[in-house]
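**Q** From first to last, the protein sequence lines are chains A and R.
Using the working numbering, the first residue of the first sequence is number 1, and each one after it goes up by one.
Using the working numbering, the first residue of the second sequence is number 1, and each one after it goes up by one.
Take these hints with a grain of salt, some might be off.
Remember, identical chains collapse to one label, so a pair may be satisfied in a single copy or spanning two.
Claimed, not checked - Derived pair list, reagent style BS3-like, types lysine-lysine, alpha-carbon separation capped at 27 Å:
(1) Lys570 x Lys511
(2) Lys224 x Lys184
(3) Lys570 x Lys224
(4) Lys570 x Lys504
(5) Lys590 x Lys7
(6) Lys492 x Lys570
(7) Lys570 x Lys493
(8) Lys511 x Lys316
(9) Lys541 x Lys492
(10) Lys461 x Lys316
(11) Lys224 x Lys461
(12) Lys323 x Lys283
(13) Lys184 x Lys493
(14) Lys142 x Lys541
(15) Lys327 x Lys78
(16) Lys570 x Lys70
(17) Lys493 x Lys461
(18) Lys7 x Lys541
(19) Lys283 x Lys327
(20) Lys316 x Lys78
Just so you know, the hints here were simulated from the structure itself, not pulled from any lab data.
Number of protein chains: 2
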Amino acid sequence: MTRFYSKRDLHFQLFENQNCLELTQLPYFADHSEVTFKLVLDSAEQIAEKSLRPLLTEMDRNEPQLIDGKIRIHPGMKAIIRQFGEDGWINALFPYEEGGQQLPWTIHITAGFIFQAANYSASVFPFLTTGASNLIRTFGSKDLIEKFTPNLFSGLWQGTMALTEPDAGSSLSDISTTAFTTEKSGVFKIKGQKIYISAGDHDACENIIHLMLARIQGAPAGTKGISLFVVPKIRISGESNDVLTQGIYHKMGYKGAPIAHLMIGSNDDCEGYLVGEANQGLKYMFQMMNEARLGVGMNAVGIASAAYQASLAYAKERPQGRKVGEKNLSQAQVPIIEHADVKRMLLFQKSAVEGSLALLIYCAILSDKIAHEENEVRKNEMELLLDLLTPIAKSYPSEMGVQSTSAAVQVLGGAGYTTDFPVEQYYREARIHPIHEGTTGIHGLDLLGRKVLIQEGLGWKLFEKEIESTIDNSKELSDLDSIRQTFELQLKKFNHAAAQILFKMNQGPEKFLADATLFLEATGIVCIGWMWLKQAVSSQKALNTKESEQDFYFGKIETARYFMEYELPKINGLIERFHSNTYPTIAMRKEWF
Amino acid sequence: MTRFYSKRDLHFQLFENQNCLELTQLPYFADHSEVTFKLVLDSAEQIAEKSLRPLLTEMDRNEPQLIDGKIRIHPGMKAIIRQFGEDGWINALFPYEEGGQQLPWTIHITAGFIFQAANYSASVFPFLTTGASNLIRTFGSKDLIEKFTPNLFSGLWQGTMALTEPDAGSSLSDISTTAFTTEKSGVFKIKGQKIYISAGDHDACENIIHLMLARIQGAPAGTKGISLFVVPKIRISGESNDVLTQGIYHKMGYKGAPIAHLMIGSNDDCEGYLVGEANQGLKYMFQMMNEARLGVGMNAVGIASAAYQASLAYAKERPQGRKVGEKNLSQAQVPIIEHADVKRMLLFQKSAVEGSLALLIYCAILSDKIAHEENEVRKNEMELLLDLLTPIAKSYPSEMGVQSTSAAVQVLGGAGYTTDFPVEQYYREARIHPIHEGTTGIHGLDLLGRKVLIQEGLGWKLFEKEIESTIDNSKELSDLDSIRQTFELQLKKFNHAAAQILFKMNQGPEKFLADATLFLEATGIVCIGWMWLKQAVSSQKALNTKESEQDFYFGKIETARYFMEYELPKINGLIERFHSNTYPTIAMRKEWF
Numbered sequence: 001m002t003r004f005y006s007k008r009d010l011h012f013q014l015f016e017n018q019n020c021l022e023l024t025q026l027p028y029f030a031d032h033s034e035v036t037f038k039l040v041l042d043s044a045e046q047i048a049e050k051s052l053r054p055l056l057t058e059m060d061r062n063e064p065q066l067i068d069g070k071i072r073i074h075p076g077m078k079a080i081i082r083q084f085g086e087d088g089w090i091n092a093l094f095p096y097e098e099g100g101q102q103l104p105w106t107i108h109i110t111a112g113f114i115f116q117a118a119n120y121s122a123s124v125f126p127f128l129t130t131g132a133s134n135l136i137r138t139f140g141s142k143d144l145i146e147k148f149t150p151n152l153f154s155g156l157w158q159g160t161m162a163l164t165e166p167d168a169g170s171s172l173s174d175i176s177t178t179a180f181t182t183e184k185s186g187v188f189k190i191k192g193q194k195i196y197i198s199a200g201d202h203d204a205c206e207n208i209i210h211l212m213l214a215r216i217q218g219a220p221a222g223t224k225g226i227s228l229f230v231v232p233k234i235r236i237s238g239e240s241n242d243v244l245t246q247g248i249y250h251k252m253g254y255k256g257a258p259i260a261h262l263m264i265g266s267n268d269d270c271e272g273y274l275v276g277e278a279n280q281g282l283k284y285m286f287q288m289m290n291e292a293r294l295g296v297g298m299n300a301v302g303i304a305s306a307a308y309q310a311s312l313a314y315a316k317e318r319p320q321g322r323k324v325g326e327k328n329l330s331q332a333q334v335p336i337i338e339h340a341d342v343k344r345m346l347l348f349q350k351s352a353v354e355g356s357l358a359l360l361i362y363c364a365i366l367s368d369k370i371a372h373e374e375n376e377v378r379k380n381e382m383e384l385l386l387d388l389l390t391p392i393a394k395s396y397p398s399e400m401g402v403q404s405t406s407a408a409v410q411v412l413g414g415a416g417y418t419t420d421f422p423v424e425q426y427y428r429e430a431r432i433h434p435i436h437e438g439t440t441g442i443h444g445l446d447l448l449g450r451k452v453l454i455q456e457g458l459g460w461k462l463f464e465k466e467i468e469s470t471i472d473n474s475k476e477l478s479d480l481d482s483i484r485q486t487f488e489l490q491l492k493k494f495n496h497a498a499a500q501i502l503f504k505m506n507q508g509p510e511k512f513l514a515d516a517t518l519f520l521e522a523t524g525i526v527c528i529g530w531m532w533l534k535q536a537v538s539s540q541k542a543l544n545t546k547e548s549e550q551d552f553y554f555g556k557i558e559t560a561r562y563f564m565e566y567e568l569p570k571i572n573g574l575i576e577r578f579h580s581n582t583y584p585t586i587a588m589r590k591e592w593f
Numbered sequence: 001m002t003r004f005y006s007k008r009d010l011h012f013q014l015f016e017n018q019n020c021l022e023l024t025q026l027p028y029f030a031d032h033s034e035v036t037f038k039l040v041l042d043s044a045e046q047i048a049e050k051s052l053r054p055l056l057t058e059m060d061r062n063e064p065q066l067i068d069g070k071i072r073i074h075p076g077m078k079a080i081i082r083q084f085g086e087d088g089w090i091n092a093l094f095p096y097e098e099g100g101q102q103l104p105w106t107i108h109i110t111a112g113f114i115f116q117a118a119n120y121s122a123s124v125f126p127f128l129t130t131g132a133s134n135l136i137r138t139f140g141s142k143d144l145i146e147k148f149t150p151n152l153f154s155g156l157w158q159g160t161m162a163l164t165e166p167d168a169g170s171s172l173s174d175i176s177t178t179a180f181t182t183e184k185s186g187v188f189k190i191k192g193q194k195i196y197i198s199a200g201d202h203d204a205c206e207n208i209i210h211l212m213l214a215r216i217q218g219a220p221a222g223t224k225g226i227s228l229f230v231v232p233k234i235r236i237s238g239e240s241n242d243v244l245t246q247g248i249y250h251k252m253g254y255k256g257a258p259i260a261h262l263m264i265g266s267n268d269d270c271e272g273y274l275v276g277e278a279n280q281g282l283k284y285m286f287q288m289m290n291e292a293r294l295g296v297g298m299n300a301v302g303i304a305s306a307a308y309q310a311s312l313a314y315a316k317e318r319p320q321g322r323k324v325g326e327k328n329l330s331q332a333q334v335p336i337i338e339h340a341d342v343k344r345m346l347l348f349q350k351s352a353v354e355g356s357l358a359l360l361i362y363c364a365i366l367s368d369k370i371a372h373e374e375n376e377v378r379k380n381e382m383e384l385l386l387d388l389l390t391p392i393a394k395s396y397p398s399e400m401g402v403q404s405t406s407a408a409v410q411v412l413g414g415a416g417y418t419t420d421f422p423v424e425q426y427y428r429e430a431r432i433h434p435i436h437e438g439t440t441g442i443h444g445l446d447l448l449g450r451k452v453l454i455q456e457g458l459g460w461k462l463f464e465k466e467i468e469s470t471i472d473n474s475k476e477l478s479d480l481d482s483i484r485q486t487f488e489l490q491l492k493k494f495n496h497a498a499a500q501i502l503f504k505m506n507q508g509p510e511k512f513l514a515d516a517t518l519f520l521e522a523t524g525i526v527c528i529g530w531m532w533l534k535q536a537v538s539s540q541k542a543l544n545t546k547e548s549e550q551d552f553y554f555g556k557i558e559t560a561r562y563f564m565e566y567e568l569p570k571i572n573g574l575i576e577r578f579h580s581n582t583y584p585t586i587a588m589r590k591e592w593f
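Bound-form chain A, shown alone (with noise of 0.2 Å):
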C-alpha cells in the first residue's frame, strides 16, 4: 500500500520542529509524555490503515442515499464509529472524571491528520461527534450533558453542527429557524430548515444529535438573537421528535460523509433544549469555531499529504525520457523524478504540507496553551495570535490542497486523470475546504477587517515579534544565511504594503476591504515561509549535532529553499494590489459582464 503520509515528519513537527512535550508541564496534561504520545499516534495509524483506507475508494464510488426518507451510508462505517467510540477518541479530550483521557487537542487534531490522509470521507463523523459533545458539556446544563453525552462518547449516536440554513449560508445573522417557548423551561418548539448538513442524517448510528442555531421568537435581530439547541432526531423518551430528512446533497467529492437538508418541525411536534442562555448561541458556536476552522484547515493538509505521497510514489517508478541534454537515444529512460520540472511540482507539494502542519501544529499548541493559562495578560496575547492566525491557518491549506492535489495530478499526467490511481478522488475532495467553514473570501474579511485591528494592531504585533524571533535563532546558523536573506528581503516589502493597505481605511469600508482575500493570500504565504525558516533552523541545527537522518535534513532544508525562491516571490504580485489606488472590483458594475 502506497503510504498516505510522513510519520517521520510528524514526529519532527510534533517534537523537534516543535516541542509539543511543553504541554505536559501543564497539569492538566502531566501524566502525558512523549510516549504516551506517540503511542496515540501509533494506534491511529493502525486504525487508519485497518479499516479506513480500505473503504477509500469504495466509499467514493458508493454514496450514501436517502431512501424511505432515511440516509443509508457505506455498511463498514458502523463499525468504524464505534471503534472510535470504544477506543476513546471521541472524548479523549475531555477529563479523566467525564472518561476522557486529557489528551492535548494538539495531539487530537494530528491523530486526525492521519485519519483524514487516510480517508477524509470517514474520518469526519468521530470529529463532528467530538464537536457537538464538546459543545454540550461546556455550556450545557446537568441535564442536557447526562442525557445526552454518554451515547455521543460511545459512538452510539452521531453529533453534527446546524448552522446554514438556505438563506443563510456566509451571512449567519439571516437565520430564520425559529424556536417556540413551551410551558417546560428549557424546552422549545422548533421550526425551519437546515442545509448543508454534514452527518445530518445516517444508519450507522441509533441517533443523531444536532447542535443548531435558533432564533428564539421576539429576539433581536442579526448575530445578538441567536441561540444554540440540542435537537435529537429522536427523542429519549424513544419518540420522533419531527426531524425529516428531505434530502441528500450528491457532491463532487468526500462523497462518503451525507450531507443533509433537514426539514425541522414540520408538524410542529419537534423539542429543542436550549444551551445555556438565550441569545448566546452564536458566542458559543464561536467558541468552539477556531479549533472547527483550524480541523478544516488539517483536513486539507491530510488529503494533500496523502496524494503528494502517493504522486512520490509513481515518480520514482515511472520512467520516461532522458536527462535534459542527454541525445543517445538507447539509453534507458529515467524515472520522472530525475526531472527538474517535476521535482518543482513535488517540492510544491512538501512545501505545502508540510509547511500547513508545521503553522497547524504550532496553532494546535497554542490552544492548548490557552484553555490553562492563568495570566490573563499572556492568556490575552497568545488569544489575539491564535485569533489571527486562524484564518490563515484554515485558508492557506485549503487553498494550497486545491492547488497542491493538482500539481499530484500533473506528476502522474494522463494516468492521473484516471479512476486508477486515487489522486483524481483526492483533488475532488480537496475543493470543498476552500468552502465550508467560512469561504476563503469571508476570512479575509475577518482577517483584514477584525483581527488585525483588534486591541490596536496587538495581534499583528505579536505575529511580527515571532517571526523576528524565527529569525533571530537563524541568524547563528550561517548554512542557513541565503534563506534568511531571501526570507528578509520579502518580509520587508510584505510589511511595507501591509502598512499601505491600513492606511485605505480612510477611504472607507469598501476599498479598504476590496483585496481582503488577497490580503489573505499574501498573508498566508509569509506565514509559511516563516515555518519553513523555522523547520530550516530545526534541520540545521540537527544535522550540526547528529549524524544520522541527513536525507531527512538536507530534504527539508532544500525544501525550504524552494519556498524561498519559488513560493515567497508570489507575494510580489499580491502587493502590487496593495500599493494601487484603482478598484476594478468595484468598477465593474453587474450590467457591464
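With chain A fixed as given, assemble chain R onto it according to the hints.
**A** This is chain R only, laid out in the frame that chain A set:
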C-alpha cells in the same frame, strides 16, 4: 437554460477586435462573407443547444462501458455524429471538389468553441475525425483517400490519432509499436499497443480508423524512425483487422468520450497502410499538431466559458449578505454580484475566457493566412510567430481553465460543490487540458528550449513587434492611458527578465530549462495582457464612434483594467526566478523527499 457562451463577445472577437473578414480576400475563401460566417456560427449554436447541451449531464453520469470487447457509449451520440457528417462539419475546411465548404479554420474552431461550451465530451468525436481525415488527404495516396475519407466525412466512421503507448507518453521518441513489411507495397503488419486513445472504440460508428504512429522494423531509433499508418478496426473488405479493445479508462471528467487501450495485431493479423513516406510520421503528425494544440486551448476556453456563464447567472440571482458597511439588518440581502470579492472572481473568469479566446482567434487567423500565403518571407515570419504562440495558446487557456472553473465553483459556494449545478462537472472536465496534447511542462520546454531560439530569436522579435504595435494603437486613446501605462511598466520588467533567462544558456541546458514552465506561465500572462490591451483599444474606438452597447464596451475596458491590476502583476513572482541563480529543483535529490 443558462447560456454557455456569449454570442456578443464571439462576434466582437471575430469582427471587431480582429478582422476575420480579411480572410475573404484570399481566393480560397472568396465566396465567404460576414453573412456566411454568422450563418455557420448560428447553425453551430442550434446544434449545440438542441442536440449537445441536453446530453451534458446524462453523458457524465452514464459513462461508456466496455462490454464483450466493444465500447458502448451514450445512445444519443450516434445521431449527433451523423448530423455532424450530414451538415458538412467534418470536411467543412476542405476544397469544394472534395465536398468541402472551403471554410476558414478560424470559423471552424470558433464553431468548435460553441460545441465544446455546450458539451465537451460530445464535441470531440467529429473533431477527431476531421484531424484524422486531414492527415489522410494531405499526406496519403489517392487510393487511401478514396477508400477512407468519404465515410469519415459522412460521420459513418470515426477517426482517431493513435500516438501514446505505455512507455511513450511525453517521450514520443520511445514508441515501440512495430510495422513489418509484407509482400504488398504500402501494406504492413502492425504489432503493439496504444493507450489513452480518444474515441478509440465505440458503437456509434461502423468503423474506427486509427491514424497510428509505429516504427517500421529496422528503422532508426528515436523520432527519425517513426512512420504514420492508417489502421482500421475493420478492413475495407469487411474482415476484422485484429485491433482489440483491451480496456477503457474511467476518468474524473470528460466521461462521455471513451478513451481506449488498444492491442494491435495480437494475432499477427493487423494490416496498416503507410501514409506518405516511411520515417516521416512524426513530421506529418506535427504539421497537424499546431492546430490540435490550439484546439485543446479552445476546448479549455469552451468549458471555462460555460462555467463562467453559470456562475455569473447564479451571482445575479443569489441574495446573501449586505453591502460592506451596511449595518441595518432589516435591509434585504443583496445579490452576491454586489460584493467586490465575488466580482473579482467573475472578472477573473471573464478575463481568462475572453482573453484566451482573443489569443486563439488571433492564432487561428494567422494559421489560415499561412496556409494561403505565397510570399516565402512573410510566410516564414507568420509561421515563426504562430509556432511561438502555440505553446502559450495551448497552455494558458488550459491552466486558467482549471483556475477559472474553480472560481466558478467558489462563486456558488456549497451549491457549486454539489451535482445540483453543472460547475462541478466543468471543474472536473477542465482538469484534462493541462495534460493532453503535451503537458504544460512539455510546452514550457518547447517554448524556451526551441521556439524562442529558432532563427536567432526572430519569432520572439516578431512577438515583441506585434505587442508594440498594439501599444502604439492605444496611444491615441487617452481614456486608456492608465491601462496602457500599467501594461508597459510590467512589460518592461518582463522583457528585462526574459533577456536574463537567455543568459543562463551559458550554464548548460539543465539550469537554462529548469524554470521553463514558469517562463511559459509568465509569457502567457504578458500575452493575454496584450490581448486585453487590444480589446480595450477596439472597445474604446467603438465607444468613441457609436452610442449603443455602452455596457458591453465599458465591461470590456473594466476587465482590461482588472487584468492589468490583478493578473499581470503575477509575473513579478515569476520574474524573480529568472534573476536567481539558486536552483533547488536541481539540487534536490530523490532520496531527500
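**Q** Regarding Lys461 and Lys316, is the shortest C-alpha distance of 27 Å or less found within a copy, between copies, in both, or in neither?
**A** This pair counts as neither: shortest intra-copy Cα distance 44 Å, inter-copy 40 Å.
**Q** When no copy is named, should Lys224 and Lys461 be tagged within, between, both, or neither for a Cα gap of at most 27 Å?
**A** Neither: 30 Å inside a chain and 64 Å across chains, both beyond 27 Å.
**Q** Using 27 Å as the alpha-carbon threshold, which applies to Lys493 and Lys461: within, between, both, or neither?
**A** Result: close within a single copy only, 16 Å intra versus 34 Å inter.
**Q** For Lys327 and Lys78, with the copy left unspecified, which applies at a CA distance of at most 27 Å: within, between, both, or neither?
**A** Neither: 58 Å inside a chain and 46 Å across chains, both beyond 27 Å.
**Q** Using 27 Å as the alpha carbon limit, work out where Lys570 and Lys504 are close: within a copy, between copies, both or neither.
**A** The answer is both: 22 Å in one copy and 22 Å across copies each meet 27 Å.
**Q** Checking Lys590 and Lys7: alpha-carbon separation at most 27 Å within a copy, between copies, both or neither?
**A** between (50 Å within a copy, 18 Å between copies)
**Q** One pair to classify: Lys184 and Lys493, alpha carbons no more than 27 Å apart. Within, between, both, or neither?
**A** neither (61 Å within a copy, 72 Å between copies)
**Q** Please sort Lys541 with Lys492 into within, between, both or neither, judging by C-alpha distance up to 27 Å.
**A** within (26 Å within a copy, 43 Å between copies)
**Q** Which holds for Lys224 with Lys184 at a C-alpha limit of 27 Å: within a copy, between copies, both or neither?
**A** Classified as within; 24 Å inside a copy, 88 Å across copies.
**Q** Up to 27 Å between alpha-carbons, please classify Lys511 paired with Lys316: within, between, both or neither.
**A** Result: close only across copies, 22 Å inter versus 49 Å intra.
**Q** Measure nothing new, just compare the shortest in-copy and cross-copy C-alpha distances for Lys316 and Lys78 to 27 Å and report within, between, both or neither.
**A** neither (37 Å within a copy, 43 Å between copies)
**Q** State whether the alpha carbon distance between Lys323 and Lys283 is at most 27 Å within one copy, between copies, both, or neither.
**A** Only across copies: Lys323 and Lys283 sit 23 Å apart there, 59 Å inside one copy, limit 27 Å.
The structure is inconsistent with the numbered hints 3, 10, 11, 13, 14, 15, 16, 20, although it conforms to all the rest.
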